[in-house]
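Colleague: Residue numbers (my numbering), protein chains in the order written: chain A, 1 to 307; chain B, 1 to 304.
Source of the hints: derived by calculation from the structure; they are not laboratory data. Each hint should be verified, as a subset may be incorrect.
Quick list of the computed label-pair ranges, beta carbon to beta carbon [as the list claims (entries may be wrong)]:
no.	chain 1	residue 1	chain 2	residue 2	range
1	B	G211	A	F50	54 to 64 angstroms
2	A	P24	B	L228	33 to 43 angstroms
3	B	L68	A	G133	29 to 39 angstroms
4	B	L68	A	L222	28 to 38 angstroms
5	A	F50	B	M1	52 to 62 angstroms
6	A	Q84	B	I29	27 to 37 angstroms
Below are the DSSO-like pairs computed for lysine-lysine, each with C-alpha atoms no more than 27 angstroms apart in a straight line [to be verified]:
no.	chain 1	residue 1	chain 2	residue 2
7	B	K167	B	K84
8	A	K265	B	K99
9	B	K167	A	K265
10	A	K39	A	K4
11	A	K31	A	K4
12	A	K70	A	K265
For every residue, glycine included, the Cβ atom is placed at its ideal position computed from N, Cα and C.
Each chain is listed here by its residues.
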Amino acid sequence: MILKYIFRHTNPDFLNRDFEKLTPKDIMFRKAIYHSGFKFGLLLLSTITFIGVFVPFFVDMSPYDQDISKRLLPPVWSEGGSWQYIFGTDGNGRDYLARIIYGTRVSLTIGIGAATVGMLIGVTLGVIAGYFGGIVDQVVSYILTCQLALPGILFLLTIISIVGSSLTVVILVIGVLHWTLFLVVTRAATQRIRNLDYITAANAIGARKTNIIFTDILPNVLNQIIVIFTLEVGVAILAEATISFLGLGIQPPTPSWGVLIAEGKEAIFFQPWLIILPGIALFLLVISINMLGDGLRDITDPNTNIE
Amino acid sequence: MLKFVAGRFLVSLAVAFTISFVTFFFLNIFTDPAQAVAGEEALFEEIEQIRTQYGFDRPILTRYFEWLGGIFTGDFGVSYYWNKPVGTLLLERAPQTIKLALMSVSVTIMVAIPLGIFAALNPNSIIDRFALSVAVSAQAIPNFWLGLILIIIFSVTFQIFPVSGDKTYYHFILPSIVLGTSSVPPVMRLMRTGLLDVINSDYIRTARSIGFSGWRLVTKHALRNAVLPVISVVAVQLGHKFGGSLITESVFAINGLGRLALLSILGADIPTVQILIFVFAITFIVFNLLSDILNAYLDPRLRL
Numbered sequence: 001m002i003l004k005y006i007f008r009h010t011n012p013d014f015l016n017r018d019f020e021k022l023t024p025k026d027i028m029f030r031k032a033i034y035h036s037g038f039k040f041g042l043l044l045l046s047t048i049t050f051i052g053v054f055v056p057f058f059v060d061m062s063p064y065d066q067d068i069s070k071r072l073l074p075p076v077w078s079e080g081g082s083w084q085y086i087f088g089t090d091g092n093g094r095d096y097l098a099r100i101i102y103g104t105r106v107s108l109t110i111g112i113g114a115a116t117v118g119m120l121i122g123v124t125l126g127v128i129a130g131y132f133g134g135i136v137d138q139v140v141s142y143i144l145t146c147q148l149a150l151p152g153i154l155f156l157l158t159i160i161s162i163v164g165s166s167l168t169v170v171i172l173v174i175g176v177l178h179w180t181l182f183l184v185v186t187r188a189a190t191q192r193i194r195n196l197d198y199i200t201a202a203n204a205i206g207a208r209k210t211n212i213i214f215t216d217i218l219p220n221v222l223n224q225i226i227v228i229f230t231l232e233v234g235v236a237i238l239a240e241a242t243i244s245f246l247g248l249g250i251q252p253p254t255p256s257w258g259v260l261i262a263e264g265k266e267a268i269f270f271q272p273w274l275i276i277l278p279g280i281a282l283f284l285l286v287i288s289i290n291m292l293g294d295g296l297r298d299i300t301d302p303n304t305n306i307e
Numbered sequence: 001m002l003k004f005v006a007g008r009f010l011v012s013l014a015v016a017f018t019i020s021f022v023t024f025f026f027l028n029i030f031t032d033p034a035q036a037v038a039g040e041e042a043l044f045e046e047i048e049q050i051r052t053q054y055g056f057d058r059p060i061l062t063r064y065f066e067w068l069g070g071i072f073t074g075d076f077g078v079s080y081y082w083n084k085p086v087g088t089l090l091l092e093r094a095p096q097t098i099k100l101a102l103m104s105v106s107v108t109i110m111v112a113i114p115l116g117i118f119a120a121l122n123p124n125s126i127i128d129r130f131a132l133s134v135a136v137s138a139q140a141i142p143n144f145w146l147g148l149i150l151i152i153i154f155s156v157t158f159q160i161f162p163v164s165g166d167k168t169y170y171h172f173i174l175p176s177i178v179l180g181t182s183s184v185p186p187v188m189r190l191m192r193t194g195l196l197d198v199i200n201s202d203y204i205r206t207a208r209s210i211g212f213s214g215w216r217l218v219t220k221h222a223l224r225n226a227v228l229p230v231i232s233v234v235a236v237q238l239g240h241k242f243g244g245s246l247i248t249e250s251v252f253a254i255n256g257l258g259r260l261a262l263l264s265i266l267g268a269d270i271p272t273v274q275i276l277i278f279v280f281a282i283t284f285i286v287f288n289l290l291s292d293i294l295n296a297y298l299d300p301r302l303r304l
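Between the sequences and the hints, there should be enough to build the whole structure, so can you do that?
Modeller: Shown next as structure tokens:
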């Protein structure tokens, strides 16, 4: 399908055609082609995902194998480094490159998982508040105000310290605390759509409320939900790294980037690369996700022009 | 105006109560306060004895209202972990956090506002692109990692700033840069879009046409209107700083409220944790309320 679009859009006849004759999908595609932030984010994210998810299947490496005789080897570009351990080894003699690559999976799993949980909560509440309005809307708004006033990271750490830490708990708790943007966007869109003629028509022919919500309202909010989802994946990844760094998230020896940085902190004076490298990985992943999200927002927004 | 302020105040009060209620219930149902006092290896009889001695066997609602009443009379409970009244702990630790919050907001203002103004005055220029990339990067940098990187650069390699601690103002420079950075993107973006809107408005075009130009036009006419919403966002960000101090204070070993919170969580110290969640929530609510009132005062349309 993408190839079809690329073929169409590189055809000179098509490029000279009047703007009015383009379908909305054509316009979106053309915006994507000219949006450098979107292209850069997509390329970077695909590269990181490819390295993190698929490379371990083809290359023989282990993030857990320890070799005490090879502790704290420097990376290849500094003196005494070797190509066998490109990023050197950590305090337990584990291959640091392997640990960072496997860390991508942890971050992506938690980011996508937590954003999904947040989306389910936020979109449900948002549709309910926007569609029914009145007292329901006021109750949901009040819950939103309370949620916003909660000191996020402190509450997160408190819950995890009580419930105990595991991958599932981290995903659920981060998700439960990051749904506000989904709610705000879905509610506003639902309120706008609810009063349009075609919803009145659907009501008039006796469509069920759940049918109206799923077939008439949600598809129209989908673009905005996708944008928020992308951005929330980035937020959740940063939250996970932070709590793992503080010792209450993912537990060692699982190679979460937050765990790696916390372990590297012991060696801040002599082996600073142990802190620098996983942080750069984290930064690149989050910035690629954010650029993709910002790009998607520009592309799906019908009010922006093709530059 | 008075009606608006009263209404907002009541909602804020209700939110504060709800948060204290939820926190108290959550902490006292899912953990056993008697077990926390007695320690890990305590015998069953010992725990039961502490339960009656401290009154943990009474209904949870009674204990909640007792706790809430205590807050109003200045009795914040006793921390078993630190062996001190929680009120004393707060008073000891609060100055460092206030210092850090104020200094980091100053950093935000000094970076974000000039950057936003220059970006708005030269849209799509190199400065604008630079400002935008600063905002995008600042959003993606993990706060704790930025702290460690600054320590590696300025404390370990060049030895300009101390690694950690909170004795002098000098110690607070790196932490406030770290904490201030996270607020740069929202403030910068608002300054930029706000000023752009004003510059493209009719009255600035009129001012241009009668001969005002350059800096005088910007400072005297445009900036005045554009900076007002920014002030209220800075107030909200200041409210965020107290809760956000947790990470920065832990990285730089500053003995403020944030570090106290982390250590208390690790030590399962329920009385301190529940007060701190409440205190952070209250600061956030107060600054939000101030920002709302400021906005409503400046823009009568918001008072409805």
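Colleague: Assuming the hint says 52 to 62 angstroms, is it satisfied by the Cβ distance from F50/A to M1/B or not?
Modeller: holds, 58 angstroms
Colleague: Against the 27 angstroms threshold, does the CA-CA distance of K265/A and K99/B hold or violate the hint?
Modeller: With Cα atoms ~26 angstroms apart, K265/A and K99/B stay inside 27 angstroms; holds.
Colleague: Can the suggested window of 33 to 43 angstroms be confirmed for the beta-carbon pair P24/A and L228/B?
Modeller: At 38 angstroms between Cβs, range holds.
Colleague: Tell me if the beta carbons of G211/B and F50/A are separated by a distance inside 54 to 64 angstroms.
Modeller: Given range 54 to 64 angstroms: holds, Cβ gap about 60 angstroms.
Colleague: Is 28 to 38 angstroms respected by the C-beta to C-beta distance linking L68/B and L222/A?
Modeller: Once the Cβ atoms are compared, 44 angstroms apart, the range 28 to 38 angstroms for L222/A and L68/B is violated.
Colleague: Taken at face value, is the distance from the CA of K84/B to the CA of K167/B at most 27 angstroms?
Modeller: The given pair, whose Cα atoms are some 22 angstroms apart, holds under the 27 angstroms limit.
Colleague: Next pair to validate is K70/A with K265/A; report whether the Cα-Cα distance is within 27 angstroms.
Modeller: holds, 19 angstroms
Colleague: With the threshold set at 27 angstroms, check whether the alpha-carbon distance from K167/B to K265/A stays at or below it.
Modeller: Holds - the C-alpha atoms of K265/A and K167/B are around 22 angstroms apart, at most 27 angstroms.
Colleague: Are the Cα atoms of K39/A and K4/A separated by 27 angstroms or less?
Modeller: Distance of about 18 angstroms is within 27 angstroms: holds.
Colleague: Would you say the C-beta atoms of Q84/A and I29/B sit inside 27 to 37 angstroms of each other?
Modeller: Given a distance of about 53 angstroms, which is not inside 27 to 37 angstroms, the answer is violated.
Colleague: Could you grab the alpha-carbon distance between K31/A and K4/A and see if it respects the 27 angstroms cut-off?
Modeller: The given pair, whose Cα atoms are some 16 angstroms apart, holds under the 27 angstroms limit.
Colleague: Is it true that L68/B and G133/A lie within 29 to 39 angstroms of each other by Cβ?
Modeller: holds, 34 angstroms
Comparing the model with each earlier hint shows violations of hints 4, 6; every other hint is respected.
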